[in-house]
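**Q** With the hints as extra help, turn the sequences into a complete structure.
There are 4 protein chains.
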Amino acid sequence: MSDDVFHYQPAESALSYRFGRVPSVAGVQPWRLLRIDTWDCYGGRVTSVEDLPSEVCEFPNLNPVSGPIDVNGVRAGDTLAIHIVSLTPRQPFGFSSTFPHFGTLTSTTATATLQPPLPERVWRYEIDGGSITYQARGSDYRVAMPLAPMLGTIGVAPAAGESLSTLMPGPHGGNLDIPEITAGATVYLGVNVEGGQFSIGDGHARQGHGEISGAAVEIPLTVELIVDVIPGVRTLWPRIETDTAIYSVGCARPLEDAVRIGGVDLTGWVRELTGLDSHDAYQLIAQAGDVTIGNVCDALYTAPASIGKRDLRGAEAYGGTHRQLRHLADSFRNRP
Amino acid sequence: MSDDVFHYQPAESALSYRFGRVPSVAGVQPWRLLRIDTWDCYGGRVTSVEDLPSEVCEFPNLNPVSGPIDVNGVRAGDTLAIHIVSLTPRQPFGFSSTFPHFGTLTSTTATATLQPPLPERVWRYEIDGGSITYQARGSDYRVAMPLAPMLGTIGVAPAAGESLSTLMPGPHGGNLDIPEITAGATVYLGVNVEGGQFSIGDGHARQGHGEISGAAVEIPLTVELIVDVIPGVRTLWPRIETDTAIYSVGCARPLEDAVRIGGVDLTGWVRELTGLDSHDAYQLIAQAGDVTIGNVCDALYTAPASIGKRDLRGAEAYGGTHRQLRHLADSFRNRP
Amino acid sequence: MSDDVFHYQPAESALSYRFGRVPSVAGVQPWRLLRIDTWDCYGGRVTSVEDLPSEVCEFPNLNPVSGPIDVNGVRAGDTLAIHIVSLTPRQPFGFSSTFPHFGTLTSTTATATLQPPLPERVWRYEIDGGSITYQARGSDYRVAMPLAPMLGTIGVAPAAGESLSTLMPGPHGGNLDIPEITAGATVYLGVNVEGGQFSIGDGHARQGHGEISGAAVEIPLTVELIVDVIPGVRTLWPRIETDTAIYSVGCARPLEDAVRIGGVDLTGWVRELTGLDSHDAYQLIAQAGDVTIGNVCDALYTAPASIGKRDLRGAEAYGGTHRQLRHLADSFRNRP
Amino acid sequence: MSDDVFHYQPAESALSYRFGRVPSVAGVQPWRLLRIDTWDCYGGRVTSVEDLPSEVCEFPNLNPVSGPIDVNGVRAGDTLAIHIVSLTPRQPFGFSSTFPHFGTLTSTTATATLQPPLPERVWRYEIDGGSITYQARGSDYRVAMPLAPMLGTIGVAPAAGESLSTLMPGPHGGNLDIPEITAGATVYLGVNVEGGQFSIGDGHARQGHGEISGAAVEIPLTVELIVDVIPGVRTLWPRIETDTAIYSVGCARPLEDAVRIGGVDLTGWVRELTGLDSHDAYQLIAQAGDVTIGNVCDALYTAPASIGKRDLRGAEAYGGTHRQLRHLADSFRNRP
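Chains as they are written, first to last, in the working numbering: chain A, 1 to 336; chain B, 1001 to 1336; chain C, 2001 to 2336; chain D, 3001 to 3336.
FYI, nobody ran anything at the bench for these hints, they're computed from the structure.
Just to be clear, a hint being listed does not mean it is correct.
[Claimed, not checked] With beta-carbon atoms standing in for the labels, derived distance ranges:
1) Arg-2313(C) <-> Glu-3050(D): 20 to 30 Å
2) Trp-3031(D) <-> Thr-2047(C): 27 to 37 Å
3) Pro-3116(D) <-> Asp-2330(C): 46 to 56 Å
4) Arg-2313(C) <-> Pro-3116(D): 48 to 58 Å
5) Ala-3144(D) <-> Arg-2323(C): 22 to 32 Å
Just so you know, even glycine gets a beta-carbon here, dropped at the ideal spot from N, CA and C.
**A** Following this line, the structure appears as structure tokens:
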């Protein structure tokens, strides 16, 4: 690729811990290849299994993001499309951990109980080619599993002038923790402020749907992106498009509310794309679609509702934005 | 196959609408091929898109099951393994519908609001070879999708002498609505009464995870099963095993509680199978495992937590029961 | 009072642990004084602070009820009114406890986590006249609080032929754990079977709204009741009437669903009683009414929505049933 | 009272719609009488029953607060005590309303369904001396109920540098909607930034527990306050103290999580005040305490867990702050 690619490599002091009301670090153009380095959710403070997050990290400085970055010409009321070209680990290992009173299979600060926390423990995963290796802490059990890099946190400045912790998902995106947000996917986010102010971070070498321990295999990434603007089109909840499916992401507690939000948003989207009435669209999604779980551990839970494109009979979302960005990504990739 | 296969073909009057405290209709032996006909969730009353369930069905007689059937030699405290050999639609079409105040994207009798119900509507799906065809009601939109038969309801008599509607899922199984319960899968259920008293019903030609409209593509099935007994082994929540993965099914509201139950049960199961301690097992599941959604529409929601067998390094659940039943099913299938 | 009062004093072996599909122990007439002895939720097995419920009780034999009792002339589709005349402790002390993985401030079998249970502990309360005394276990802290006897469990045979554990609340009543169910209150329950088959139990010397430890101050009671029948009038959810207010009780998880059920039922009830349209009734309840919490510890949570009678401008529920039963109770009380 | 009382009377343009990252409008001293005018939640835009909020209000400019106000000498890690001396309606009438897809007995943007919203409707209440009068819109039904002014929204700048909509409750306070926050009560809030930056608004002429229609009887108030600082003492969740009870307020969804948070916080507080161990404190709260519902309509629900002071045997919270502020308020009140 050309040498003049935008490459943002933030120092720790330049990282951000909030979406909204943060000064932009750069402005970029649509349709250009962007390269952005992200730090892991521990801000790089966990360097061995001896480094307990509660000791080495400084709350609330968790889950740092790189940004915010302004996109030239984007305005409130537009939709920002962020196409992920590639996700490359910046080191051959990653870490995961439990946190005290955080995660799915423990009481938490929200699902509060009088029980003491589970023990805090850190795991180191070796990354080797296309696989990563789990190594138990209490025994010599090891098992390799596929490397499957994904971007945990991606968002824009939220509505209503709010400034939200990067630990929080919502209509603005944020800490979505959805494995489908990987290379080849396009994320659509409704824009609330001039420039959009997008930030990314929280790379995962892999993550099970649910992220039930409260952490994935956390790694720093180099992320290649292309952004596009769909002017004058509002997007209420985060949406994802891949070559084969479209997704509406609900963010809420309890988890069934996240499912409801995703389902209602997807019903409306399918209705627009197919001309079906609401009830026919609801029925089609119910039989042909799917609902998965992003995470069940954060401040709000996330659930993507999806349907395959073949069931949409060729309809194209956002005027074919994903297809165009995909082609553009290929052209960048094939450049000498 | 041999002609002396047990084949239970209940008349409508022989169907049951509850698990527990229902007289058994038959006794069977483990390790024999069983053939059981099931009716659809409407009890066959919906015969065209003009038949609204609220008019043609007689509440509470919904979701009939075939059974209960006693397994010789099974006792309270044992585990019953039910291996699904095949699921064959008994007619070349199925129906789906909305119900008033039932489903995920509507207020319901539990998530009660002052809003009127969504309109009740029925859809007819044609089954042709390996595909089924969706036909919109409000337009000529049609799309074919893969036939993927599954068994929505499978359970035993519940604990504590309860008698529960077949609409209810729980530790006894019941209305689980999990697409993974299909041909080739083994379902494990804890036994609470002499004989176990298992029943099955609620066949689906296909169903999206979530079953968000409150109904799948409902069809009558001929179900081929083999049952086995694991004596003296308790199973607290429904479990599923396929050739590639094991699943623990949580049943609860809110949905995150179903996820928690499935996750805790799977953690304990993985611990037993691998020798990992609880925290290492939790971590392994979080990165290698998955949590999906069975349904978000019934009296309780269901969520299967799963992990692939390759991550268990060859450990076999329930002493290899699934593998043995799978082989036996093959031997039946290959018999002249 | 007259000597010919019906007085049911069940032995332990006559107690029941389910609502529905239990043979009736007696038949009674409306408008007669009934005296029924109840056992505490431990079945009398906890006799000192050394008796841990998990050791002395035999699961699932918890929360026994006295009954079921048939009311002559009651049929499915009617409403049964049960007026509580008096609640008298049958011993000068009561017990409370935690249970492992049960209660509000702990993970439970439904809100499952990997954490070990809180310690099981029993407290003994002395009852002396109108007060009961809390005595800490870990120190000499003592404090007296008002005796406020209430009936935790009251219900009829459920719909759809189900048989439900007495630990479960629902449309049939059951384990409601609502402090407003006390002497002077009338409980209305929809009848599902001939005779109604009501049972009562689970007396509390007092209970905070929420019953957050999972147990109140548990005592055996002698309960004086009068029952009445409102023929042909359906009651969908438990309702309560006192001299000053009416209550609709929602039973569900999550807790907001219990609130929604109670709120919708009360809105409909107020609409009927006042002639207000639904939206005006909703508004009146929102400002004049109240929602409290029965319990947040059982299989389903309970929440009574209420409004004061003065805001109903003299309208009488169920044709004045409560007022009539109240007068009748007074006449029994004043008899020589 | 003296003429030099601080009296803040913001114009509409000076109102704020967020907590955190808003420039302070004034600095005040502890132990001085403060008088602050608040606007109603509609920003004064609803002036008759013809003014529909969705038409006259400009989203997201709802629920304006007066402030933020710095308290001299307050620092992050301190607790700010805000004692409410008096709440005086600034007009002899108030308004309530439904909003489309907002409230408890309707689907909402979070509990999303495909159903259309309930009709939007406005009610006007006349305030006359100590009573307010409900007037139905669809009939001539009128009923008077007691005037019971309370402050719906009270908070400080949140932690982690966040800036949150005034519609949101949380650890920083915010839109708590708890009827116990009335004249004579002291609210304790943990301070996150220099000066604390407290704001108040959203006066209610009265509100049922639950605020189930999504709005109380909304009125502009003149609020008299005295603030105090408890240096070096952290307060994790909002707490309230009255002459007779102490309250810990949980803010979460689902509602049981709000109950859990309040219960755990109160258990810790009672433990500190009484020397009881956690389990004895839990038991005491369960029997002597209470859990009520603040609101079940906002972005997070609120639930105060409380216990009467007589059960604490004279222990004083925060070194007697409430008692001292109460005396000071009396002295101001009695000044010539």
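**Q** Each of the hints needs a verdict: does it hold here or not?
**A** Outcome of the hint check:
1. Arg-2313(C) <-> Glu-3050(D): 20 to 30 Å: The hinted range 20 to 30 Å holds for Arg-2313(C) and Glu-3050(D), with Cβ atoms some 27 Å apart.
2. Trp-3031(D) <-> Thr-2047(C): 27 to 37 Å: For Thr-2047(C) against Trp-3031(D), whose Cβ atoms are near 56 Å apart, the range 27 to 37 Å is violated.
3. Pro-3116(D) <-> Asp-2330(C): 46 to 56 Å: holds, 50 Å
4. Arg-2313(C) <-> Pro-3116(D): 48 to 58 Å: violated, 32 Å
5. Ala-3144(D) <-> Arg-2323(C): 22 to 32 Å: holds, 23 Å
The structure is inconsistent with the numbered hints 2 and 4, although it conforms to all the rest.
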